[in-house]
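**Student:** Protein sequences, first through last, are from chains B, H and Z. Read left to right, the first sequence gives residues 1 to 325 (the working numbering). Read left to right, the second sequence gives residues 1001 to 1325 (the working numbering). Read left to right, the third sequence gives residues 2001 to 2325 (the working numbering).
If you are wondering where the hints come from, they were derived from the structure by calculation, not from laboratory data. Treat the hints with care, since some could be wrong.
What follows is a set of in silico ranges between Cβ atoms, one per label pair, in the way DEER data are often shown [unchecked claim]:
{"id": "1", "chain 1": "Z", "residue 1": "SER2305", "chain 2": "B", "residue 2": "LEU252", "range": "22 to 30 Å"}
{"id": "2", "chain 1": "B", "residue 1": "LYS37", "chain 2": "Z", "residue 2": "GLU2128", "range": "22 to 30 Å"}
{"id": "3", "chain 1": "B", "residue 1": "ILE64", "chain 2": "Z", "residue 2": "LEU2252", "range": "36 to 44 Å"}
{"id": "4", "chain 1": "Z", "residue 1": "TYR2091", "chain 2": "B", "residue 2": "VAL55", "range": "18 to 26 Å"}
{"id": "5", "chain 1": "B", "residue 1": "TYR91", "chain 2": "Z", "residue 2": "VAL2055", "range": "49 to 57 Å"}
{"id": "6", "chain 1": "H", "residue 1": "ASP1157", "chain 2": "B", "residue 2": "VAL55", "range": "49 to 57 Å"}
{"id": "7", "chain 1": "B", "residue 1": "HIS119", "chain 2": "Z", "residue 2": "GLU2102", "range": "37 to 45 Å"}
{"id": "8", "chain 1": "H", "residue 1": "GLY1309", "chain 2": "B", "residue 2": "ARG316", "range": "21 to 29 Å"}
{"id": "9", "chain 1": "Z", "residue 1": "GLY2120", "chain 2": "B", "residue 2": "ILE64", "range": "44 to 52 Å"}
{"id": "10", "chain 1": "B", "residue 1": "SER87", "chain 2": "H", "residue 2": "GLN1191", "range": "32 to 40 Å"}
{"id": "11", "chain 1": "H", "residue 1": "TYR1091", "chain 2": "B", "residue 2": "VAL55", "range": "50 to 58 Å"}
{"id": "12", "chain 1": "H", "residue 1": "LEU1252", "chain 2": "Z", "residue 2": "ARG2118", "range": "41 to 49 Å"}
{"id": "13", "chain 1": "B", "residue 1": "ARG316", "chain 2": "H", "residue 2": "GLN1191", "range": "25 to 33 Å"}
{"id": "14", "chain 1": "H", "residue 1": "LEU1156", "chain 2": "B", "residue 2": "ARG316", "range": "34 to 42 Å"}
Glycine residues also receive a C-beta, built at the ideal position from the N, C-alpha and C atoms.
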Amino acid sequence: MAIQTRIGPVTDSLSAICEHIQHSTGCKHDKVPAVVKKLLSSWQAKECYEHISPVSIPSHAQIIDIVNQARRILFPGYFTKTKLHASNLEYYIGKETTDLYEKLSEQVTMAIRHDCRRHGQPCTACEEQGHQIALAFIEELPQVAAILASDIRSTLDGDPATDNPDEVIFSYPGLLATSVFRVAHVLYTLQVPIIPRIMTEYAHSLTGIDIHPGATIGPGLFIDHGTGVVIGETAIIGKNVRIYQGVTLGALSLPRDAGERLRNKKRHPTIEDDVIIYSNTTILGGDTVIGAGSVIGGNIWLTESVEAGTKVLLKRPELIYSHSF
Amino acid sequence: MAIQTRIGPVTDSLSAICEHIQHSTGCKHDKVPAVVKKLLSSWQAKECYEHISPVSIPSHAQIIDIVNQARRILFPGYFTKTKLHASNLEYYIGKETTDLYEKLSEQVTMAIRHDCRRHGQPCTACEEQGHQIALAFIEELPQVAAILASDIRSTLDGDPATDNPDEVIFSYPGLLATSVFRVAHVLYTLQVPIIPRIMTEYAHSLTGIDIHPGATIGPGLFIDHGTGVVIGETAIIGKNVRIYQGVTLGALSLPRDAGERLRNKKRHPTIEDDVIIYSNTTILGGDTVIGAGSVIGGNIWLTESVEAGTKVLLKRPELIYSHSF
Amino acid sequence: MAIQTRIGPVTDSLSAICEHIQHSTGCKHDKVPAVVKKLLSSWQAKECYEHISPVSIPSHAQIIDIVNQARRILFPGYFTKTKLHASNLEYYIGKETTDLYEKLSEQVTMAIRHDCRRHGQPCTACEEQGHQIALAFIEELPQVAAILASDIRSTLDGDPATDNPDEVIFSYPGLLATSVFRVAHVLYTLQVPIIPRIMTEYAHSLTGIDIHPGATIGPGLFIDHGTGVVIGETAIIGKNVRIYQGVTLGALSLPRDAGERLRNKKRHPTIEDDVIIYSNTTILGGDTVIGAGSVIGGNIWLTESVEAGTKVLLKRPELIYSHSF
């Protein structure tokens, strides 16, 4: 029998402790040092993971702050208490952008330094690179704002439940996830380590939509509801694509040693312009191409290409109805 | 070929910048003004979205605050540090309710003003309406508390993993989503713009359960686990209905111009009293009615009505077993 | 017709109120006392739920704080601003562990007291038990750190998108959910009421991964993407198991009075060592055993055991392709 009952050693020591609880009158703090010693030795032996280093790791909190600051710049007046008007707008955006640049420089520098150390490389120009990448990033902001405007228009075209762009910006999880993805993707393209994935995981946590920052996504994306959507690292998505909740654009089944072997291969599908994919459908494989204008029904499992202009439906499996139960 | 590689212009400018990084020694801040100018002109040209206006938009943070305050009133003693007892309870609830009324008045007024401006209408009685709607809202609180008590009882009846109402109130995502929905639905019925959807999206973000504030849901709802549940705007759900994770009550496939054409039509199904719907089942269409007392199995795709007292199961698709791989 | 239109009484009173809005010039605050009185009487009549008691209930915020403090101890240097190095590490871990012990003692004591009161039992040794359980918990931390190291290694083996343990610790939702589960499971095993479930629901909220604290899970678990994963209370999972998004390890269909009848029965499946389960597959039933080394394809519904070393695929349901639509 291959299964342990409970996590073995834990249970044993716990039952001893539980017995101890019944009979003792408490020893309390004097057990702390032994625990600390055990933890320290597990890190010294490299059995467990630590980040004990003079080189700082990027800060989770700062990165989330950067994402939200970028959203305040990209959608001015929506996520701030400051009332914006024509006369203070330039000042406001200027200040926010400068501030974003400073913070991002610092975090990118940390991320690069951290990666240099990880690969045992010297870190000769990390700070300079951090500044330049942050600069390249803010120079992309107008382009990102324009693509996000196309995403909002697609949402209004596709959703009968709203005709209000403010509502889309304020409360649509699809737009939130897409916004964070577009920001993270710029940093991914600039080959920033670790930070892009922290950004998209922040959006995943808020929305249930998991878009890898490496995915290539054209303008006009509309993800409705979105919980459970997974878009893999090497997926390519064209213009004006609409995707519903639970859709996976994923990799074909992975062997046990997948990590090593398949890194940097195209593992995820290509979705051409104007495709609609209904809820809970799974499309897999790096060679799978869904041709432009196709409509893929819900609950479908597709691992083969579909030519342009095709509608694909599931021949419904038989249902069994009964009335006595 | 319909697909762009990367988002074209971004890549081009980025590769130029990357080259720049290798050869330059940094220009830094002096690039910020050009970025700001580009953003400003995109807003002036109405190509991108902004909310630059003397009329404030409702505050996300305040609306979430209102939701949590309503929960503190509806479930006193669960989500507060203050120890409540018979002698301070009336004072505590009175203070919280008055405070909720004030905050809600303010946000509803903002939401109505914002909507007046959006439709180019004069805003003659927005503040008065804000007060009256906030008042109507707090007068519904006892009724909402009673319905939520029925939801808790349904949860205890349906879930073998707990017999403790405190645990349900404290940590069940289904009850959290249902509570926020019931609060948001009162405001939806009072025709408050924008705020109800922000509330339910807050719950969606926390639970993965996406209930549109417009849905009509009777007492005794139990949603178990809940991640991926979608309940559409015009869905109607009877009493004592039980729903598991991944269930969609949605619209049939939408044409590309769905946004315009289908607004205000009944697009989502009707689920009568005492129905159970198992995990990952999808029920679609405004004319689809699931008759009282029916049990719908998991993983089913239903677009037709089912008469009362029917059990529906999927005839399992054939599985392929292999032992050499 | 079994369905109410709207939640009956609410609508009626609301339409009256809406009319009122049109004709009145506002009464405002003077309606608050009547609302408060109605709420008070619903609690007195035990129709609604309250926690008005001299015995404090555990604090949601404190419990989340404890979870995050445990993560700071288990993964030192990742989630803290303090730069850790060899000379301050012991001090840092010592301080955090002592602090965790104090906070946990307090919350466990509250949880036990609260449970004593709920069952009408005297609370003779609650505080002493709180201390002893907190002590037993911190003594398990080295063991938990070791199991989590195995989970990280499995993630790196199984995911082609990363080769960086820091990225896994920093931004992988599967590891976050697994970490919180392993912490909560220790408290569950120590029979702490209410707290373990609050912990795992916190992780569920952040990741969409719903692992009951009672599940038994061996080392080397890798959950990829994870949104929609449900692992039930009595599930047993072996070593080095890999699970993708949307997988349910659940109970067979539950009768209406399931709550009472099935508590404390094994209702969820057993997954032996080295099994891979692809996305959106559902495996149900307390007697279902998936033998060691098996691979279960995506989108499958399994309610029967599978012997060791079996590959199970869905015979794909027929698809319908059309080109004129």
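**Student:** Decide, hint by hint, whether the structure agrees.
**Tutor:** The hints, checked one at a time:
One distance hint, 22 to 30 Å for the beta-carbon pair SER2305 (chain Z) and LEU252 (chain B), holds here, with the actual separation near 27 Å. Between LYS37 (chain B) and GLU2128 (chain Z) the beta carbon distance is about 26 Å. The supplied range of 22 to 30 Å therefore holds. About 41 Å separates the C-beta atoms of ILE64 (chain B) and LEU2252 (chain Z), a value consistent with the hinted range of 36 to 44 Å. In this structure the supplied range 18 to 26 Å holds for TYR2091 (chain Z) paired with VAL55 (chain B), their Cβ-Cβ distance being about 20 Å.
Separation of TYR91 (chain B) from VAL2055 (chain Z) is about 54 Å and conforms to the stated range, judged on CB atoms against 49 to 57 Å. For the pair ASP1157 (chain H) and VAL55 (chain B), the beta carbons lie near 55 Å from each other, so the given range of 49 to 57 Å is met. Checked against the hint of 37 to 45 Å, the C-beta distance between HIS119 (chain B) and GLU2102 (chain Z) comes to roughly 41 Å, which is consistent with it. One distance hint, 21 to 29 Å for the beta-carbon pair GLY1309 (chain H) and ARG316 (chain B), holds here, with the actual separation near 22 Å.
Between GLY2120 (chain Z) and ILE64 (chain B) the CB atoms are about 46 Å apart, so this pair conforms to the stated range of 44 to 52 Å. At about 34 Å, the beta-carbon gap between SER87 (chain B) and GLN1191 (chain H) stays in the expected band of 32 to 40 Å. In this structure the hint that TYR1091 (chain H) and VAL55 (chain B) lie 50 to 58 Å apart at CB holds, the actual value being about 54 Å. Between LEU1252 (chain H) and ARG2118 (chain Z) the beta carbons are some 47 Å apart, a value that agrees with the proposed interval 41 to 49 Å.
Against the hinted window of 25 to 33 Å, the Cβ-Cβ separation of ARG316 (chain B) and GLN1191 (chain H) comes to about 39 Å, which falls outside the hint. A C-beta distance of roughly 36 Å is found between LEU1156 (chain H) and ARG316 (chain B), which places it inside the suggested range of 34 to 42 Å.
The structure does not agree with numbered hint 13 stated previously, though it agrees with all others.
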